[in-house]
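**Student:** Sequence:
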Amino acid sequence: MNFNELIDFNLNLLNDGLDIRALELKNTDNEMLSDEKSLALFKKMNSESLIHTDNFGRIQLLIRAYEIIDLGGWLKYVSDNEKSRLDLENKNLIKENLELEILKLQKEAAEYQKSIRDKEDQIRSLTRDNLRLGNWDIRFRWYIAIISFIIGFIIKHFIENPKV
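Note that this note's numbering numbers the sequence shown so that position 69 is 69, with each residue one more than the last.
Just so you know, not all the hints are guaranteed correct.
Dumping the calculated DSBU-like pairs for lysine-lysine here, alpha-carbon to alpha-carbon at most 30 Å [what the hints assert, rightly or not]:
#	residue 1	residue 2
1	Lys26	Lys76
2	Lys104	Lys114
3	Lys119	Lys104
4	Lys76	Lys43
5	Lys91	Lys76
6	Lys95	Lys76
7	Lys91	Lys104
8	Lys91	Lys107
9	Lys95	Lys107
10	Lys114	Lys95
11	Lys83	Lys43
12	Lys43	Lys26
13	Lys37	Lys76
14	Lys95	Lys83
15	Lys44	Lys26
16	Lys107	Lys119
17	Lys44	Lys83
Computed Cβ-Cβ distance ranges for the label pairs, DEER-style [to be verified]:
#	residue 1	residue 2	range
18	Ile63	Leu23	21 to 31 Å
19	Asn12	Glu89	27 to 37 Å
20	Ile63	Ser84	18 to 28 Å
21	Asp29	Asp80	18 to 28 Å
22	Thr53	Glu5	14 to 24 Å
23	Asp80	Gln60	18 to 28 Å
24	Ile123	Ser148	28 to 38 Å
25	Phe56	Thr28	22 to 32 Å
26	Lys76	Phe56	23 to 33 Å
27	Ile63	Phe3	16 to 26 Å
28	Glu111	Glu89	31 to 41 Å
29	Asn15	Ser79	17 to 27 Å
Keep in mind that the hints were calculated from the coordinates and are not lab data.
From a predicted model like this one, the values you see are computed outputs, not experimental measurements.
Ideal placement from N, C-alpha and C gives every residue a C-beta, glycine not left out.
Take the sequences, apply the hints, and build the full model.
**Tutor:** Spelled out as structure tokens, the structure:
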């Protein structure tokens, strides 16, 4: 017999209006528990803010106990809390996994941005070299054109004046 079943059973007994004292708590067979078990159950119910004792030692339910009874009893309350706890753990696990995935993606994005910067630097360097070569090519063509013009002029002069 676990404490949760005993708490649920005794809450229902107290809710039905039975006059029970701290050492008179019962098991699910409606039999008195031993003093040790009854005291342990009383302390557990008291620590959960379900009960308190009046001046005559009678156990009385607190507001929280009535709320739990209205929600379906202690067993349902414990079950719902366990589900909520598991859901929260699951959500936290999912959140942690998503945060790790975000960190991985941010790292990949940073590496990609670095590679883009490296490629842009290479493009700038190649563009500079290409412009330098283009300028040299233009100058070289001018030299060739001028030299060709001079050679052509000299050849024309020798063709027109063969006896010189």
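**Student:** Is the distance from the Cβ of Ile63 to the Cβ of Ser84 consistent with 18 to 28 Å?
**Tutor:** Hint holds: Cβ distance 21 Å, inside 18 to 28 Å.
**Student:** Taking only the CA atoms, is the gap from Lys91 to Lys76 under or equal to 30 Å?
**Tutor:** holds, 22 Å
**Student:** Could you see if the CB distance from Phe56 to Thr28 stays within 22 to 32 Å?
**Tutor:** holds, 26 Å
**Student:** Take the C-beta atom of Glu111 and the C-beta atom of Glu89, compute their distance, and say whether it sits inside 31 to 41 Å.
**Tutor:** holds, 33 Å
**Student:** Taking only the CA atoms, is the gap from Lys104 to Lys114 under or equal to 30 Å?
**Tutor:** Holds, at roughly 15 Å.
**Student:** Within 30 Å, alpha carbon to alpha carbon, are Lys95 and Lys76?
**Tutor:** holds, 28 Å
**Student:** Does the structure keep Lys83 and Lys43 at a Cα separation of 30 Å or less?
**Tutor:** holds, 25 Å
**Student:** Regarding the pair Lys37 and Lys76, is the alpha-carbon distance no greater than 30 Å?
**Tutor:** holds, 23 Å
**Student:** Does Lys26 lie within 30 Å of Lys43 when you go C-alpha to C-alpha?
**Tutor:** holds, 14 Å
**Student:** Is the Cα-Cα distance between Lys76 and Lys43 30 Å or less?
**Tutor:** holds, 21 Å
**Student:** Taking 23 to 33 Å as the stated bounds, is the beta-carbon spacing between Lys76 and Phe56 within them?
**Tutor:** Given about 31 Å between the Cβ atoms, the range holds.
**Student:** Measuring from beta carbon to beta carbon, are Ile63 and Leu23 in 21 to 31 Å?
**Tutor:** Once the Cβ atoms are compared, 24 Å apart, the range 21 to 31 Å for Leu23 and Ile63 holds.
Going through the hint list in order, the structure satisfies each hint without exception.
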